[in-house]
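There are 2 protein chains.
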Amino acid sequence: MEFFFRPKGIAVIGATPSRQKGGNIIVSNLKTGYSGQVYPVNPRYKEIEGVTCYPSVSDVPDPVDLAIVFVAARMVPQVIEACAQRHIPGVMIQSAGFAETGTTGEALQQETRQIAEKTGIRLWGPNCMGLVDTHQRFVFSTVTPAIWDTGLPSGNVSLIAQSGMLAGAFLIDLMSHGTMGIAKVCSIGNKMDVDENDLLGYLIHDPDTAAIGLYLESLTDCRRFMALCRSTTKPVVILNGGKTAGGAAAARSHTASLSAGGALVTGAMAQAGIVTADGFYQLVDFCRTLGMYPSLPDRSGNRVAVLTYTGAAGIVSADLMHRHGLALSTFSDATLETLQTVFPEWMPPSNPVDMWPGIILNGSKKTYDTAMMSVCADPSVDAVFVHCFAGGFSLDVDLERMAKTAREAGKPLFCWISGERDRTYDFQKSAQQLGVPVFREVMRAVECMGMLLNRSSRAIETDPETEADEQIRRLKQDPRLGMLTSKKGFLDEGVSKQVLEACGIPVVEETCVTSVKEARLVAAGFGFPLVAKGMVPGVSHKTESNLVYLGIASEQDLEAAVTTLQQTMAGRGRILIQKQVSGNRELMAGFVRDPRLGPCVMCGLGGVFAEALNDTVFGVAPLTLTDALNMIDRLKCRPMLDGFRGMGPVDRDVLAGILKTLGHLGCAYPDIREIDINPLIIHQGRPVAVDALVVLEGENR
Amino acid sequence: MEFFFRPKGIAVIGATPSRQKGGNIIVSNLKTGYSGQVYPVNPRYKEIEGVTCYPSVSDVPDPVDLAIVFVAARMVPQVIEACAQRHIPGVMIQSAGFAETGTTGEALQQETRQIAEKTGIRLWGPNCMGLVDTHQRFVFSTVTPAIWDTGLPSGNVSLIAQSGMLAGAFLIDLMSHGTMGIAKVCSIGNKMDVDENDLLGYLIHDPDTAAIGLYLESLTDCRRFMALCRSTTKPVVILNGGKTAGGAAAARSHTASLSAGGALVTGAMAQAGIVTADGFYQLVDFCRTLGMYPSLPDRSGNRVAVLTYTGAAGIVSADLMHRHGLALSTFSDATLETLQTVFPEWMPPSNPVDMWPGIILNGSKKTYDTAMMSVCADPSVDAVFVHCFAGGFSLDVDLERMAKTAREAGKPLFCWISGERDRTYDFQKSAQQLGVPVFREVMRAVECMGMLLNRSSRAIETDPETEADEQIRRLKQDPRLGMLTSKKGFLDEGVSKQVLEACGIPVVEETCVTSVKEARLVAAGFGFPLVAKGMVPGVSHKTESNLVYLGIASEQDLEAAVTTLQQTMAGRGRILIQKQVSGNRELMAGFVRDPRLGPCVMCGLGGVFAEALNDTVFGVAPLTLTDALNMIDRLKCRPMLDGFRGMGPVDRDVLAGILKTLGHLGCAYPDIREIDINPLIIHQGRPVAVDALVVLEGENR
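In the order they appear, the protein sequences are chains A and B.
Under our numbering, think of the first position of the first sequence as 1, with each following residue one higher.
Under our numbering, think of the first position of the second sequence as 1, with each following residue one higher.
Hint data in this document are derived by calculation from the structure and do not stem from the laboratory.
Note that CB positions come from ideal geometry on N, CA and C, so glycine has one too.
One or more hints might be untrue.
Said to hold, decoys possible - With a straight-line Cα cutoff of 27 angstroms, these simulated DSSO-like cross-link-like pairs (lysine-lysine) come out:
1. K579(B) <-> K579(A)
2. K46(B) <-> K31(B)
3. K542(B) <-> K487(B)
4. K429(B) <-> K366(B)
5. K8(B) <-> K118(B)
6. K21(B) <-> K366(A)
7. K21(B) <-> K429(A)
8. K366(B) <-> K404(B)
9. K429(A) <-> K404(A)
10. K579(A) <-> K542(A)
11. K517(A) <-> K579(A)
12. K31(A) <-> K46(A)
13. K21(A) <-> K365(B)
14. K46(A) <-> K8(A)
15. K31(B) <-> K21(A)
16. K487(A) <-> K429(A)
17. K21(B) <-> K365(A)
18. K365(B) <-> K429(B)
19. K366(B) <-> K636(A)
20. K487(B) <-> K476(B)
21. K365(B) <-> K404(B)
Unchecked claim - Rough simulated footprint, nothing fancy, chain A against chain B, three-plus residues with beta-carbon under 8 angstroms:
22. 100-110
23. 171-182
24. 279-287
25. 308-316
26. 429-442
27. 671-685
Isolated chain A, as found in the complex (with noise of 0.2 angstroms):
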């Protein structure tokens, strides 16, 4: 990828002399940053601004890495062939008129993308914004000339885009508010080649990036973008487009690509320890916060030590936090007689720390010097947040010397900054130089502190694939599981446990009865109570069509539901005896293959409470132990899984064991589409499958 991004000069087809035009400000951005040559191609001119001008690529003088194209989409095919045989090895195309206009567009980018696959030429775009690095000064783009005036001001956050917007607009509102730094800008467009996972593969590598954003519509290969930010412990933020119904359809009409759908993403993206944002300026607030803090201390932990001016700041800190997993720091002794020092008689401190009658005593600068040092000096704290104000009152601190304490505590600070306009502006300047992440609103500044202090995952983890393949290959061995590729469709209730059993995931006792005494038999081994099922080809709501008899108690009761199940089944199906297992706790659990993530597992509420409080958590298979317990740790329902109310907790090692199973079988098993268990009721401390379905490609009916 390196001509696109350090190119040994640059070809402009489509370049005009017509100010205002893409064309002419494609190579006046060149001209202004770009130190290589630039080669201006039109037949039609011989110089544009200043520069020589080639009737066609084929006359444009090495070196040239990098032809960016703008010319109407119609001529791009032939000018993408001519580059090809002049030996470009990349190309931009920053035209749009492809496929996110219609069938047209469509074919037109199809013939374009057959070129590439033939040639082996590399294409960025179509229908983008191309590339801005602000360390090279390079601007590769249509993007006003205006952004010059803004100083591209550089810093160690790298973002791609799947929208001209946040390359092109956006990134000219963040740069012009100066108060965050940017190393490289990548719009990828319509992606017809050059996607995602090419720029971040290069991105995790740039010795310029520190932490990459992504504003994505839909993710080309999920899986390969979960292995690149495994592979990395450079922090990778997602904001993903089109997360709901009404937000998908939007991306539908806008890309011409799918959305990457809802839960199943946020789950992969969980996985692979990618920070997930909602909206634009949220983004890169965690870029600019990962950036500064791209890794922190082993075993930091979530506790904070917050130093306000006013007892108010602190109290809605103190509840924010909260709501973000974060804990107050409760102070060492040290810290306590430290703090008491600047701080009159009556008011022993504590966190949140109300610096205001410190600083009555002692001025704001010792005041907030000598906090600052107790509580990096305090194990007892893992960040310090810290509230200042510019202007207007006598409330100056020394930031540098509070960024150098904090740097050299190995502990990451916070600023939150009210006051005036312009002072403000100036301290998150100086925060910016100074690598201290500055807010204006509390709220921002906790959420990026909680994502920073909570974030899972920070460590490269080894690839889930290779643990996992000795269990798959085990499965796809097992003489037990022949039904998985003899049958096809839906399997009944009881052949589906059969396969769970035979992979190790605990179910019900169950025996398939034909009789009246064959279940007399059956109840005298199980005893009572016990339940009742008719398996019915066909018909999956059991409880719906009076299939389905729970707590029977006697033999005459048996008798009563086996003799009743006969006549409503009339021939047709099965009769399932099973132990009725107790338990008020139920889950599900359960496999799924997406169409783009491949094999799912997932896993969440069950019985009653699933639809109604849609508490489900999904993860891409094959899961490793930590995936697996990572993924029960992300449901909401988490706390019931702990002991209360006189039970047990729930063994989450077993838990985590079938939900790594059911991905493995899924991955052994191409034809199985789809496994339900639900429920899976919680028997003291234990879990286990009392219903389950599993659905194979094909029809059996």
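Given chain A, put chain B in place with the hints provided.
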């Protein structure tokens, strides 16, 4: 309160010529903005800031309505005595050093308050920043005179703050940013006499105030606060600091006041139609929105037209809207036809509207105008959300015209602005002038839109107490409820349910028995399955004490259960035989008498999920039917109450009736401390109390 807000003559007690001191700043600020007479009081000076100074308040000539006091705390009582003798009706005590500093200060505050009680003089403060009124340009405060540099931008939002921070530093922040207008800011400090309710009562009738925001760490009288809010259509927003455990601890140490607590107060606020905020900027952004749109058309809904200059902005907006309870309008054919006139043929317009292709064809002004005209005329549109860009591009819009179009259609317009720093700032200021709420971030914009369009209580409600009186009176006179005055402490389950039944709350069929023989007789009437429970005085956790037998299906089982219970209970307590209620949706309901809020009602998810999912809502008794239905609507498990998976919907009127009755019962019998109904099982769509506990004042052991 007019003497605080429009005083004829102000004495400043503790005035001083030393610049930077509070006693000087107050005089300065008065001189700059106040047009009445100012009388500095200090025996040591003849003149302060060019104004004649008086040795004592008794020497001050008429008229003098207000004294602002800034002397050492220990001097305050004698100063207040002097003010009372001088017949000054109101005093603002801006000095600190009272209850917030510990027991000595608390005693001083007590002494001062007693003078007010004795003389009828009204005291505002102490430990406060006083009052700022931008319309009259009154600054009765020690706030830095730098506040005048902001130009004191005026507007129709008034704030009441139990924190100097919000009234001082944050006010300067707000005003110097100039992107919202303020009418009055009242800093109430320790509120020893004048409290939020006094000020709220004044602001409700203040013609300069259209919306009221409060930052409070404690509610002096929550019921009066609720009644005031229910008495007006003027919107009220509250940021209630100290909601979490951590926050509450901070509140105690900061203001010497107890935190107003979490779920109870949240419920009370929702019941009174008060909007709640979580951060300072969110508080004022909510107020700004409500100040611009204090009321909406009667049948206004939550359907929004979204116009953005890029597809990505529309997609992200739609995702966020979904989360904040907003829907995308489905445009009428007329709207789609009009939109199509400015869009290229290949792009059939839909909501969200990606304006870019239209802008390229027709320019931004025409495209935005056409879109605004058509969506404002569309009956499917309740509000319009527009994303604009300021600077750099050719994306100028005529905001004034758009504002006029929306205003004439009676549809609230919201604007999200991105762009170059100075240009976006200009845009924000002109939007403020035009009365259009504008936001820099999509997330906040959607939050505010969601708050406005989903705001529940828009109309003045009838006094709920009048409506409830009749039922409360009947309950008081009901002879079946004699035990509520004659007994003490815990009532056993059987008696507790007799109480509920007498009130008309559906309870499970049950009878007390003393022998196996009696139990058999009961079974003959009820039929199986049954439940047997042992009620032993002092034992509230029956299950854990082996006092509950569920699913008794036969005479033998019944005999075994009763016999075992008799052994376990060893002659103490009574045995209850219940019909076993089937139903797999379990709720709970309850009553609690809160020290601050008085009688309150609770409803929540019951059974094993109660604690794990913590889905409970509170209301303040007596409840109207609407209050009770609104409580039910605030439950997260709300969808569970609708029919699903073969289960019918829950009869909400019956459930609401139970909540209402619990509240009325608590109002009728002040000895009731607590009532718990758990579970309240949904049986054939109707809630039935299966277990219950009534706790009265006093001990019964």
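If any of the earlier hints don't hold here, list their numbers in rising order. Going through the list in order, the structure violates hints 7, 15, 16, 19, 27 and respects the others.
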